[in-house]
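Protein chains: 2
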Amino acid sequence: MPRVPAIVWQNGLLKLLDQRRLPLEIIYLDCRDHGAVADAIQKMVVRGAPAIGAAAAYGMLLAARVYAVCGASTDSRVAGAACPASQQFDQFKQQLVLAAEELRRTRPTAVNLEWALQRVLAAVEQTGSPAEAVQVLEREAALIASEDVEANRAIGKFGATLIKDGDHIITHCNAGALATVDYGTALGVIRAAHEEDKRIHVYADETRPYLQGARLTTWELMQDGIPVTLITDNMAAWVMAAKKADLVIVGADRVAANGDVANKIGTYGLAVLAKFHKIPFYVAAPLSSIDLSIASGQDIVIEERAPEEVTHVAGQQVAPTGVTVFNPAFDVTPAALITAVITEKGVFKGSAAAGLKSLGVSR
Amino acid sequence: MPRVPAIVWQNGLLKLLDQRRLPLEIIYLDCRDHGAVADAIQKMVVRGAPAIGAAAAYGMLLAARVYAVCGASTDSRVAGAACPASQQFDQFKQQLVLAAEELRRTRPTAVNLEWALQRVLAAVEQTGSPAEAVQVLEREAALIASEDVEANRAIGKFGATLIKDGDHIITHCNAGALATVDYGTALGVIRAAHEEDKRIHVYADETRPYLQGARLTTWELMQDGIPVTLITDNMAAWVMAAKKADLVIVGADRVAANGDVANKIGTYGLAVLAKFHKIPFYVAAPLSSIDLSIASGQDIVIEERAPEEVTHVAGQQVAPTGVTVFNPAFDVTPAALITAVITEKGVFKGSAAAGLKSLGVSR
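First to last, the sequence lines map onto chains Z and E.
Going by our numbering, the first residue of the first sequence is number 62, and it counts up by one from there.
Going by our numbering, the first residue of the second sequence is number 62, and it counts up by one from there.
It should be emphasised that the hints constitute simulated quantities derived from the structure, not laboratory data.
Straight-line Cα separation of at most 27 Å, DSSO-like style, residue types lysine-lysine; simulated pairs: (1) Lys-339(E) to Lys-339(Z); (2) Lys-225(E) to Lys-336(E); (3) Lys-259(E) to Lys-304(E); (4) Lys-336(Z) to Lys-336(E); (5) Lys-218(E) to Lys-305(E); (6) Lys-305(Z) to Lys-336(E).
So the derived list for chain E, only partly shown, Cβ under 8 Å to chain Z, looks like this: (7) Leu-85; (8) Met-283; (9) Ala-297; (10) Trp-299; (11) Val-386.
Idealized CB from N, CA, C, for every residue including glycine.
Could you build all of it, start to finish, from the sequences and the hints given here?
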């Protein structure tokens with residue numbers, strides 16, 4: 062059965078699966094301009110670092126389509142034919158830079174967003190007109206999407222070598238097909254192991270406050286027939302001590318040059334628990350999640366979100382009115398707690414900079 | 062402002078604050094017989110080991126009052142006056158043993174329940190008639206309640222010596238006035254430190270799946286004006302690493318002879334995290350929570366509760382229909398991870414048996 066895709070580009074519209082409604086409803090939100098995409102990213106209609114990157118690329122394509130038409134018509138009506146084509150193109154590019162800025166502001170932690178924006182802006186620089194830019198952006202956005210799927214399948218292939226028949230695997234948040242264009246990173250590894258007929262069992266942390274594990278990971282794995290047990294986040298330690306847990310695998314929102322990893326809140330604690338219980342802790346992430354411009358995790362900006370995500374669940378108030386809340390969306394796991402990072406080019410340990418070099422990747 | 066009590070004995074009725082409705086509504090449930098009390102314990106209207114113990118003692122008083130009247134009237138109608146008083150009393154005591162059995166079955170992990178039942182049954186054995194037994198049980202239940210409050214105040218006094226001015230304290234679940242007859246164990250220590258004018262700040266884990274931290278601990282502390290910040294369980298590690306956390310303090314449902322502690326699910330993971338971050342991990346518990354008949358935590362029965370506690374929050378479904386769930390209500394923290402146990406007789410480290418001896422307590 063084909064998977065329900067998180068991101069669809071169709072007839073000039075970006076359709077985003079509204080992940081806030083899962084698993085109870087499958088509804089797509091139509092985005093007609095980059096503002097709608099920015100809003101969808103901010104409100105977590107679409108989430109997961111690679112999916113945010115691809116959505117942002119399509120957001121830029123939407124912006125280019127709007128500005129290519131509006132910019133020209135405005136010029137012909139107001140500035141008239143006197144406005145030279147080169148000036149029109151400069152104005153178009155400035156509008157795209159502003160659109161990128163709007164998309165960039167939505168969520169600060171995942172680096173794939175910035176990576177995708179830089180990539181499409183660089184592609185626009187290679188063109189000579191708004192019309193050409195639109196064509197190039199359509200190709201570039203599709204390329205970002207297809208490369209992501211390819212990368213995830215490669216991550217799955219490399220990662221599956223680390224999983225044995227009979228393994229029990231703990232995962233956190235959703236680093237699945239829903240967090241990417243398809244297949245997933247951490248869940249891509251799990252999928253690949255399952256496709257190789259390894260008998261695996263997944264424990265999915267529910268992942269408060271946004272419940273990506275309860276809502277998305279269980280749903281994805283159940284659809285693929287992969288055995289999964291839902292637990293609350295605070296049960297992971299007890300699963301390690303009292304049940305069977307052979308490894309932990311998670312995704313990443315940003316990997317710093319020294320190998321520190323920013324990922325969904327709770328990842329760091331899980332890494333500490335894995336260390337204590339002497340089980341491997343793997344991070345699965347495409348190269349687009351690696352940010353060599355950031356020396357260490359200390360320099361990664363951690364987004365804090367609204368208190369209502371904690372005080373309310375599914376619209377129901379569960380905590381006293383006016384209570385003070387601390388709601389960081391991510392945490393940083395130091396490289397020392399990470400057994401290995403699984404990328405589309407191979408598996409590396411420790412420093413990301415050295416790891417890329419060892420894999421023969423130059424950035 | 063006086064606290065809203067969890068347990069009230071009034072005009073022959075046991076009134077239990079319905080903790081499932083907090084913090085949104087303050088509603089008492091009236092229990093007229095031990096069956097209603099058993100139901101309330103099972104459904105977590107009343108929860109927390111010491112509160113369950115006290116509620117069970119009053120449940121036995123309700124049973125005694127019912128059987129003292131019904132047993133006599135049944136005898137006079139059916140068996141007639143021929144039934145000797147001693148036989149009537151034997152029958153009455155058998156009915157109480159069955160009532161105890163019904164109360165005992167509700168929740169297996171907290172030892173205070175068993176401790177309270179044994180204590181009231183032993184008290185009944187010292188009496189000679191149903192009427193005398195009712196009088197003695199009324200005194201005994203009241204004594205269990207008042208001793209619990211005294212014990213908590215003593216725990217608070219001993220525990221406060223471990224808290225410094227300016228400390229940031231992480232707590233889990235609710236070991237407060239709501240989990241006891243009044244004042245609380247872990248929150249009793251926090252209250253005592255606050256009453257000594259120490260400037261403390263509490264981080265309350267929300268404590269999934271039942272949200273005792275979000276619903277009860279924040280509410281209790283806010284009512285007393287003690288600064289509190291609500292976090293999800295998976296944020297505790299990040300609070301330790303990135304913010305300030307000086308110590309962890311929790312309650313206990315049962316302490317084994319070797320000092321292992323069964324407490325709300327998530328406690329064990331928190332203890333591992335405290336160890337990793339080199340901050341003290343304290344357990345506050347009355348002597349009634351210590352079970353010397355249990356050699357180690359491995360022998361403690363861990364209650365598993367319904368999957369719906371995890372798949373639904375405040376009545377709203379958040380996980381796919383039919384998902385497999387693991388929902389242990391408690392976990393076991395080995396003595397080696399516990400800095401000290403704070404009791405009403407003093408503070409001990411390591412083995413509970415040796416600890417009691419060092420405190421001059423014979424059991």
